[in-house]
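Could you put together the complete structure from these sequences and hints?
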Amino acid sequence: MTDAFKPRSDFLRVLIERGYVHQCSDYAGLDAKALSGSLVAYIGFDCTAPSLHVGSLLQIMMLRWLQQTGGKPLALMGGGTTMVGDPSGKDESRKLLSVEQIEANKTGIRKVFDRFITFGDGRHDAVMPDNAGWLATLNYITFLREVGRHFSVNRMLAMDSVKLRLGREHELSFLEFNYMCLQAYDFVELNRRCGCVLQMGGSDQWGNIVTGLDLGRRMGTEQLFALTSPLITTASGAKMGKTAAGAVWLDASMLAPYDYWQFWRNCEDADVGRFLKLFTVAPLGEIARLEALGGAEINEAKKVLANEATAMLHGRVAAEEAAATARQTFEEGALAESLPTVDVAAAEFEAGLGALTAFVRAGLVASTGEARRQIRGGGLKVNDVALADERAVIGRDALMASGVVKLSLGRKKHVLLRAV
RNA sequence: GGGGGAGUGUCCCGAGUGGCAAAGGGGGCGGACUGUAAAUCCGCUGGCUACGCCUUCGUAGGUUCGAGUCCUACCUCCCCCA
-12 MTDAFKPRSD
-2 FLRVLIERGY
8 VHQCSDYAGL
18 DAKALSGSLV
28 AYIGFDCTAP
38 SLHVGSLLQI
48 MMLRWLQQTG
58 GKPLALMGGG
68 TTMVGDPSGK
78 DESRKLLSVE
88 QIEANKTGIR
98 KVFDRFITFG
108 DGRHDAVMPD
118 NAGWLATLNY
128 ITFLREVGRH
138 FSVNRMLAMD
148 SVKLRLGREH
158 ELSFLEFNYM
168 CLQAYDFVEL
178 NRRCGCVLQM
188 GGSDQWGNIV
198 TGLDLGRRMG
208 TEQLFALTSP
218 LITTASGAKM
228 GKTAAGAVWL
238 DASMLAPYDY
248 WQFWRNCEDA
258 DVGRFLKLFT
268 VAPLGEIARL
278 EALGGAEINE
288 AKKVLANEAT
298 AMLHGRVAAE
308 EAAATARQTF
318 EEGALAESLP
328 TVDVAAAEFE
338 AGLGALTAFV
348 RAGLVASTGE
358 ARRQIRGGGL
368 KVNDVALADE
378 RAVIGRDALM
388 ASGVVKLSLG
398 RKKHVLLRAV
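At position 285 of the first sequence the residue is numbered 272 (this note's numbering), and the sequence of numbers has no breaks.
Think of the hints as simulated: they come from the structure by calculation, not from any bench. Note that the Cβ used here is the ideal one computed from N, Cα and C, for glycine as well. Possibly wrong hints are sitting among the right ones.
To be verified - With beta-carbon atoms standing in for the labels, derived distance ranges: (1) A338 <-> E377: 13 to 21 Å; (2) P270 <-> V304: 17 to 25 Å; (3) R97 <-> A257: 31 to 39 Å; (4) A321 <-> E273: 27 to 35 Å.
To be verified - Derived EDC-like pairs (lysine to aspartate or glutamate); straight-line CA-CA distance at most 20 Å: (5) K264 <-> D(-3); (6) K393 <-> D330; (7) K393 <-> D371; (8) K98 <-> E133; (9) K393 <-> E335; (10) K264 <-> E287; (11) K393 <-> D376; (12) K399 <-> D246; (13) K290 <-> E273; (14) K368 <-> E319; (15) K399 <-> E255; (16) K400 <-> E307; (17) K399 <-> E324; (18) K264 <-> E4; (19) K400 <-> E319; (20) K290 <-> D256; (21) K98 <-> E87; (22) K98 <-> D112; (23) K393 <-> E324; (24) K400 <-> E324; (25) K393 <-> E318; (26) K399 <-> D384; (27) K400 <-> D330; (28) K399 <-> E319; (29) K368 <-> E324; (30) K93 <-> D33; (31) K98 <-> E295.
Below you can see the structure in the form of structure tokens.
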């Protein structure tokens, strides 16, 4: 579908070339708008968590490219919609957050955006509005009279997302049904306030976004546009961003840069090229070269991916540190001082620390029971020596010159215990 | 409002005759093979001061030597009728 269209604007060209585009309501129209140099676009973000995770990275990158190509990005915080809870598909309704929590979350999220886009008051500076600004004070009757009358229930019922819900056993509550109305209203409000004409989002947002276009037309805004990105799964079909440890957070205090680097380093072969295009700003020519590497050489491409992705989020220095730690640990088999470290009182080593407890302390296993199981499966190592006895004790003799013991779970997860 | 059905190992789905730490999947973790990949094969997948002890089957009681399993009430969800 996008093949036939030749964009003239940098914005659309980059997005299409790099694989961000799944669907667009009007390629030519949007292209012309982008070419005019005054394109303002927004993406909505949940503020139910203190930061964002890689699941949102694709959207963040789209805003980044928008700014890079001369547009103005709006990162809309769903402070208002968070108050009613996000119903999209989930069985469990989200717990209500206090206003303070929402504010704190917004601060954390803002930190992420600051790494990718520039905020300010200028023409192309990004802005982070909060829909609580207009939703919280909405009067029901006024809303129905001025906005609600424009929604066609017939049309909404025909939407895939709604049909799906009606067909399944899970009901669709009135609140959820209204959610898309609020989202559509956000779009119109952002158009009035900031001249925003484009909403972007994941492909699952298509229906909601188009509802916004429709509302805009009925309420007399200028022509609005919709553009969605594909749902990103790994080559083997898994949803991206889930690891054993949990979500891949975009915050150093929630996920260390080293782990973030490892996340990208461990991607599947078949994903490298696509991920380089989506999650780094490396030139396409360079990516094509890296992507073409075969066999074990593809690991070079993975390192570039990890380096670039980490540098963008945590800075070049942190990325290089992570790369160095990985190199020492995996390629040279040396002890990298910068591995995740947990402090343990020196006295405990004197007394002899139970190996099971030590691994629990290091956070490598959740319980001593799990530690026992891993030992049986040969998964635990102390200073690179597989642990065979559950009752083993880690004493002072295990400490290396630098005063640390290296504990490993499998081949990839290592933690240092340091005597203090 | 009336009738019928369902809630199981806190990741998910899902068997279960009164003796059950509870079948089987998926997912996840570990091992082997590799390249810190994929695919494949194997093991593990309640907790603990661990040849024993403790806590689990929507919630609270009851019957029983013994309850996921039987009885009662309550909660939640689904379906049909109104």
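Does the structure break any of the earlier hints, and which numbers would those be? 8 and 26
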